[in-house]
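Q: Sequence:
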Amino acid sequence: MLKQLCNKRRLGQIDLTRSRVRLYRIAYAWSHSQSIADDLTQEAMEKALKKIDQLKEHAALDGWLYKILANCWRDYCRQQREMDDIQDYSLSEEDHPETQYARRRVNDLVHQAISDLPEDQRQIVTLIDIGGASYIDVSEILEIPMGTVMSRLSRARKKLAVLLLPQRSQLDVYDVKATNVYSIREKQ
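So the sequence shown is numbered by numbering that gives the first Met the number 0: it starts at 0 and just counts up by one.
No lab work stands behind these hints, which were simulated from the structure alone. Some hints could be false.
To be verified - Think about it this way: if two alpha-carbon atoms lie no more than 25 Å apart in a straight line, the pair counts; the simulated DSS-like pairs of lysine-lysine are:
| no. | residue 1 | residue 2 |
| --- | --- | --- |
| 1 | LYS50 | LYS66 |
| 2 | LYS66 | LYS46 |
| 3 | LYS49 | LYS66 |
| 4 | LYS55 | LYS66 |
Claimed, not checked - Cβ pair distances, simulated, as ranges:
| no. | residue 1 | residue 2 | range |
| --- | --- | --- | --- |
| 5 | ASP52 | PRO165 | 49 to 59 Å |
| 6 | SER150 | ARG73 | 30 to 40 Å |
| 7 | MET145 | CYS76 | 20 to 30 Å |
All of these numbers come straight from a predicted model, not from anything done at the bench. Each residue gets a CB set at the ideal place from its N, CA and C atoms; glycine is no exception.
Let the hints inform the model, and build the full structure from the sequences given.
A: What follows is the structure, given as structure tokens:
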């Protein structure tokens, strides 16, 4: 299996770089710290490479990596018990300054709202809406029933909408889709 994965990696059939970026985004959303997110991502990738022979299906790679990251995060939380303040995303230098400012502002607003969610909701919303994980993957990663995933996600999205409603005028000005987060809708 390891030999096959290494060969597929060499042939470009497995994109570990893309997986690493997804893991980093999730780790950052959980930790609110670039350095902690880097450490968690690195630790998860190291553990994954050491235990690559335990991966049963190549198609399940992302879910497997998310589960490893979730375990690394749990270990970190047990050791630290404190959260760092949110730091700015580093944006591409190719972006126009106004676009950079707009995206940074939206990211700040959304990430501040996400950080105000209870941890169980924050984990689910970041895995699904930022990380792109499926409900089934999140259910397996967090070892909770899929119905619980769905209800926590629903509560998290509703709470985000309430938290972001006061900033609605600012969010409408900017391209909210650039944040890759569930779109904020005002309840009618």
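Q: Determine for every hint whether it applies to the structure shown.
A: Comparing the hints with the structure gives:
Between the alpha carbons of LYS50 and LYS66 the distance comes to roughly 13 Å, so the proposed pair stays at or under 25 Å and holds. This hinted pair checks out: LYS66 and LYS46 have alpha carbons roughly 11 Å apart, not beyond 25 Å. Distance check on the hinted pair: LYS49 and LYS66 sit about 15 Å apart at the alpha-carbon level, within 25 Å; holds. With a C-alpha separation of about 14 Å, the suggested pair LYS55 and LYS66 falls inside the 25 Å cut-off, and the hint holds.
Distance hint for ASP52 and PRO165: a CB-CB separation of about 51 Å, consistent with the stated range 49 to 59 Å. A beta carbon spacing of about 21 Å between SER150 and ARG73 contradicts the range 30 to 40 Å that was offered as a hint. Between MET145 and CYS76 the CB atoms are about 24 Å apart, so this pair conforms to the stated range of 20 to 30 Å.
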